[in-house]
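Undergrad: Could you slot chain H onto chain Z? The hints should help.
Taken in order, these protein sequences are the chains called Z and H. Per numbering that gives the first Met the number 0, the first sequence runs over residues 0 to 86. Per numbering that gives the first Met the number 0, the second sequence runs over residues 0 to 161.
These are calculated hints, taken from the structure and not from any lab test. Don't take each hint at face value.
[Said to hold, decoys possible] Some chain H residues close to chain Z (C-beta under 10 Å, calculated; not the full set):
| hint | residue |
| --- | --- |
| 1 | E2 |
| 2 | Y9 |
| 3 | K18 |
| 4 | D29 |
| 5 | R40 |
| 6 | L42 |
| 7 | E76 |
| 8 | V98 |
| 9 | R110 |
| 10 | W114 |
| 11 | A116 |
| 12 | Y117 |
| 13 | R135 |
| 14 | V139 |
| 15 | R149 |
In this text, all values refer to a predicted model and were calculated from it rather than measured experimentally. Idealized CB from N, CA, C, for every residue including glycine.
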Amino acid sequence: MTDWFVFRDDEERAIATFMSRVANVRIPDPESPTLSSNTLWWKAKLLDRWEAERRAQWPLDIMQPIEIVGGLVAAGLLLYWSLPYLL
Amino acid sequence: MTEREFGDAYVRWSSSLRKYVYRIVGSASDVDDIVQEAFLRTLRADLQGDDEEQWRRYLYRVATNLIVDQWRRQKHERGSETMHEPASPPPHYEDEATVAKVFEELKPRERALLWLAYVEGESHEEIAASLGVGRRSVRVMLIRAKRHLRDLLQARGIFAKS
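Only chain Z is shown next, with the shape it has when bound in the complex (with noise of 0.2 Å):
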């Protein structure tokens, strides 16, 4: 069990000494990322914006449904109370 959670001072080194080089191996374009920080803040500001009109236009959204039922429902009381007069 114990044996499970140890490494030998050689294995260490090794792992050591190859992240190391991992570390080392060069990348493709390392310092050419294709969007600047000046882009991407105001990228940043347009979203959090939008999701500020997302959540203004939540109850509208909400109630526009609510308003069409609810006008339904009155036109129908209104017919179902004036038949009588009309008949």
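TA: Same frame as chain Z, now just chain H:
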């Protein structure tokens, strides 16, 4: 965070994050997307305080989550048996391409753990914060990752089995 502070953070961390993402993902095609998305989400998270380390850890955590999500999608699309299974092990690891290839044979989570521990020099606590896992789990996960890497290196005759 102001625009200028974000610009400074971007200059400071983008290069090392790109390297980290590239090593974990193993291909260049998605690196920029992941790095940009990680910066965008970290910026939008609006972290309180001026703690740079907290900001950096959150950035790495978001990037790691994006990598794991992508890995799961690819695994689902291609089938798990086709992922990270080398056709034949290279005989040694003397050149850069082989070093990268050996590293790619580890699971993404193992790569992330080893990178954060050895390259970024993070403590178990910092790794736990970066990866969003429990501090106690990190120790076991790191040992598993090291054992896996040790086995891969032993298979290539880098050092003898005990």
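Undergrad: Provide an ascending list of the numbers of those earlier hints which the structure does not satisfy.
TA: 4, 7 and 13
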